[in-house]
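In order, the protein sequences belong to chains Z and G. Numbering follows this note's numbering, in which position 329 of the first sequence is assigned residue number 329; successive positions increment by one, without gaps. Numbering follows this note's numbering, in which position 475 of the second sequence is assigned residue number 1475; successive positions increment by one, without gaps.
Keep in mind that the hints were calculated from the coordinates and are not lab data. One or more of the hints may lead you astray.
The list that follows gives simulated cross-link-like pairs (lysine-lysine, DSSO-like), each with its CA atoms no further than 30 Å apart [to be verified]: (1) 276(Z) / 1314(G); (2) 417(Z) / 363(Z); (3) 1314(G) / 1332(G); (4) 1332(G) / 1191(G); (5) 186(Z) / 276(Z); (6) 1358(G) / 276(Z); (7) 1191(G) / 257(Z); (8) 1332(G) / 276(Z); (9) 413(Z) / 363(Z); (10) 1280(G) / 1358(G); (11) 257(Z) / 276(Z).
Label-pair restraints from in silico Cβ distances [claimed, not checked]: (12) 432(Z) / 1296(G): 41 to 47 Å; (13) 1151(G) / 161(Z): 52 to 58 Å; (14) 1468(G) / 447(Z): 54 to 60 Å; (15) 254(Z) / 1339(G): 41 to 47 Å; (16) 1293(G) / 161(Z): 28 to 34 Å; (17) 145(Z) / 1371(G): 28 to 34 Å; (18) 447(Z) / 1100(G): 57 to 63 Å; (19) 1125(G) / 426(Z): 40 to 46 Å; (20) 420(Z) / 1307(G): 32 to 38 Å; (21) 161(Z) / 1324(G): 49 to 55 Å.
A quick note: this is a predicted structure, and the numbers were derived from the prediction, not measured. Yeah, the Cβ is synthetic: ideal placement off N, Cα and C, and Gly gets one too.
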Amino acid sequence: MRNTLMRLLAVLMAFGLIAAACGSDGGDTATDDDGDSTATTEAMEETPETTEAMEETPETTEAMAEDDGGEDEAMAEDDEAMAEDDGEEAPTSGGAGDGVLRFGGILPETGNLAFLGPPEFAGAELAVQDINAAGGVNGADVEWLPGDSGDNGDVANQTVDRLLGEDVDAFIGAASSGVSLTVIDKITQAGVIHFSPANTSPAFTDYDDNGLYFRTAPSDVVQGAALADLMLGDGAETAAFLVLNDSYGTGLLDATKGPYEANGGTVAFENIYDPKAENFDAEIADAIAADTDAIVIIGFDETSKILTGLIEGGAGPSEKMIYGTDGNMGNALASSFDDPSVVAGMRGTLPGVDVAGELADFKGALDAVDPELEDYSYSAETYDAMVLVALGAVAAGTDDATAIAPLLNDLTKDGEKCNNFADCKALIEAGTDIDYDGVSGPLEFGDAGEPTQASILILEFDETGTLQVDGSIQGQI
Amino acid sequence: MPRASARGTFTFSSRFDLLQRHRLPSNVDHEGVGRASVVQRCTGPGGFIIRTRFLLLVPLVAAFFAFATPVAAQEETAATVRGSIVDKTGEEDVPAVGVEIAIASADGSFSETVVTDDEGSWELELPSGGDYTATLDPATLPEGIALRNPDRAMLEFDINDGASRALLFPVASAGEDGTAVSTASTGGGNKYVQLLVDGIKLGLIIGMCSIGLSLVFGTTGLVNFAHGETVTLGAVTAFLFNGWLDWTISIFLAALIATAVGGLAGGAFDAAVWAPLRRKGASLISMLVVSIGFSIFFRYVILWRLGGRANFYKDYALQRRRDFGLFSLAPKDIFIIFFSLAVLIAVGLLLQRTRTGKAMRAVADNRDLAESSGIDVQRVIRIVWIAGGALAALGGVLFGSTESIGWEMGFRLLLLMFAATTLGGLGTAYGALLGSLVVGIFIQYVTLVLPTDMKNIGALLTLVLILLVRPQGILGRKERIG
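The task is simple: from the sequences and hints, build the whole structure.
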């Protein structure tokens, strides 16, 4: 009995050591480890430097890829050494090139953000169709392995573990910034690309991600300014904020509050709520009691509950200015209500392009993939994310994520413009430097791997509960 | 659509109507609804009902068009600031006409003064993006109007090339001393009473759901983690007939069906799983683990069929709260409070007065003694499962109608149900009720001192404190241990 216990303890400690070694991203937390894992960490630290060097000279791609491969081997050896030390097998790096580019989906099938799932899945499937129709990547068809992100770290982490085991080269997702933050370390430290089509939290811009995190959605700094401007333009002098407690909610709150107050508005009340609360009576009562011109709800699916409470309390969209953001401004919100006209007049912002109104061809293709689509939010961003990674794999000549990642930013700017996978692929194969302009916009990634230009749509629910586009604001970071 | 009563609404909706109906050229909307200087797409939503208030606006509309200017070609780098100064505190909106606003760039290279028009609107084109200041001259404000924040007559702002920015100088009607009259909040009701009533409502629902949990524990010693899923099952069954399917029946009938289904499910669950486990002498811990397994299984089956979003019943989904002086409640919430109170008292009476009720209490008290005195213990346990399942399902319907229906709703309540039953005294029916009320009310009152996203923490902390003083729960009896 005692022996079993000791063995169990030993195994647990071994796991703990691996976790500690893998969990450190800068080396500063690895000091309590034994010498071997510290050495590993140092080896890992060198990789970003190599990455920077590669960014400067994108022409010598192939040589670099080899270089990087060597680095990888060194890391793998270190990994093995560590594994022997601890008597446990370390997981193999998912970023290793095996000839097939695999996309793993961590998108919301369930949870608070499930309404954003269908358009994102449709965008991803459409991208796979288009990429494979153009001959795939490096002679092989790309594979799409969808998975659920849920709305919390538990579900997403399970999905990531499962997909890492299936040799995924790039993860597409998650929709929620909070969920992405729970898996970003696991993904980027496995040497795999983490590419989100919908994360807007400003927290990702400076995140230490080994240069492997990208997003096609703009930082909420842009959306916040647009929302503040919308509210001030509507004459909302005072505002109450009901904000979801996660990185997205608080990030967007700060990004909105700053410009709103600087330009003359007053935030009279702000409440950061737990989306899983059994009820929102207290939050709603306080927001109504603040008696402001406008009430802003920054949240996900629970917005329907909060809005119900506001309407019942006499502060619905017909009495006050109610604003939403990309987390809740979807046709799905109105369909929560038996009489969708109760949301009429609610306004809000959504980063992206007007897929339903302006991109008829793209919308048609999405509808062909999923005829039941209600919303199109972030479908274009998902499509672009996958096409961009595939183009990176073509340029790198391998599906090794650590070779693809350093090339991605340059593929979105400075070069011959192209706007679909087939054309861009032909240009890359001819040795031309390209500038991929996606469905979702010109992209023009900055060094942080995110767009520097963004279009923010102004949306409003009409009397039938349908979202109408009421103009757009172009923003720059 | 309900008529507006709140202040400030008037301007918003009317201005909005106006824009939608007349499709103003983009550069003319001084209020700048959805306006941007680089890209401007206006696809006006159609189908807005004509509001009677609109008639009042006819003179305003005329004035508006009088000041409409042709669309000016804008330079790529030019930026625009705009705004409107309107006193909305009075009966009627009063635009502040002729107010001077000086706008200067931070480096001093640009300086211009703009004057508000008859609408109180102003707009100025800036040569390029950058840092600017806008200063309102309070002396030029019309008589009877004052700045709401006198220390914020100057705003500092930065603007991107090509962007458009709205600035706001809030004003209010001035009192005799020339300063803005503060508009006192007219929010009706007493916050403490309101929280108490909301807490009672939540507590009674938790109470109805947790009686089954408490009685099952009392009679069999099992902590049933799958109890939360019975709650969800009830809510979802009722939703099936009231909102999900195309044909609907009244929510009351749906609730009746849901209660029956909940009872049947409870009985079947006992017959299929727990009775055999008891016969084979499975330990309580292994039964607890089995219940956790079933909880996860049922929860994901419901998720698979229902989907992950929040749903609402078709009937009584939206009800305007009625003002009762000290507090306000929607009629459905009043019904829920009295209905659940009646059900809970009836259950308590049944437990105390009827033969079966006495048998239940006897089994809970001392199972061996009850068995040897001729009580069919297995039958009593079956009845407890059926009754507990039915009550949980009914509680689920009530919870679903006051909040929302979701696949995780029962699981989220489970922690509170555990807290309530432990607090009240495990295994007692009235204890569960009392504990539920305490938990429900504390969850609401905790928001007075703690951030609302921590309200459950506060309530559960109270649980720990009470149990430290009374380990057997409020109504539980002391038991000798060892």
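(message) Just to be careful, I want the Cα atoms of residue 413(Z) and residue 363(Z) compared with a cutoff of 30 Å; is the pair within it?
(response) Holds - the C-alpha atoms of residue 363(Z) and residue 413(Z) are around 25 Å apart, at most 30 Å.
(message) Between the beta carbons of residue 1125(G) and residue 426(Z), is the distance compatible with 40 to 46 Å?
(response) 45 Å, holds
(request) Go ahead and decide if the range 57 to 63 Å is satisfied by the Cβ distance of residue 447(Z) to residue 1100(G). (result) Distance hint for residue 447(Z), residue 1100(G) is violated at roughly 44 Å.
(request) With respect to the beta-carbon atoms only, verify the hint that residue 145(Z) and residue 1371(G) lie 28 to 34 Å apart. (result) 56 Å, violated
(message) Can you confirm whether the C-alpha distance between residue 1332(G) and residue 1191(G) stays at or below 30 Å?
(response) Holds, at roughly 20 Å.
(request) Take a look at whether the Cβ-Cβ distance between residue 432(Z) and residue 1296(G) falls inside 41 to 47 Å. (result) At 53 Å between Cβs, range violated.
(request) Could you grab the alpha-carbon distance between residue 1280(G) and residue 1358(G) and see if it respects the 30 Å cut-off? (result) Given that 30 Å is the threshold and the Cα spacing comes to 27 Å, the pair holds.
(request) Could you check the hint for me, namely that residue 254(Z) and residue 1339(G) are 41 to 47 Å apart, CB to CB? (result) Since residue 254(Z) and residue 1339(G) have Cβ atoms about 44 Å apart, the given range 41 to 47 Å holds.
(message) Check the hint pairing residue 1358(G) with residue 276(Z) against an upper bound of 30 Å on the C-alpha distance.
(response) Violated - the C-alpha atoms of residue 276(Z) and residue 1358(G) are around 39 Å apart, more than 30 Å.
(message) Just to be sure I understand the hint, the distance between the Cβ atoms of residue 161(Z) and residue 1324(G) should be within 49 to 55 Å; is that true here?
(response) 53 Å, holds
(request) With a cut-off of 30 Å on the C-alpha distance, tell me whether residue 186(Z) and residue 276(Z) pass. (result) 25 Å, holds
(request) Starting from the range 52 to 58 Å, see whether the pair residue 1151(G) and residue 161(Z) falls in it by beta-carbon distance. (result) 55 Å, holds
Checked against the numbered hints above, the structure violates hints 6, 12, 16, 17, 18; every other hint is satisfied.
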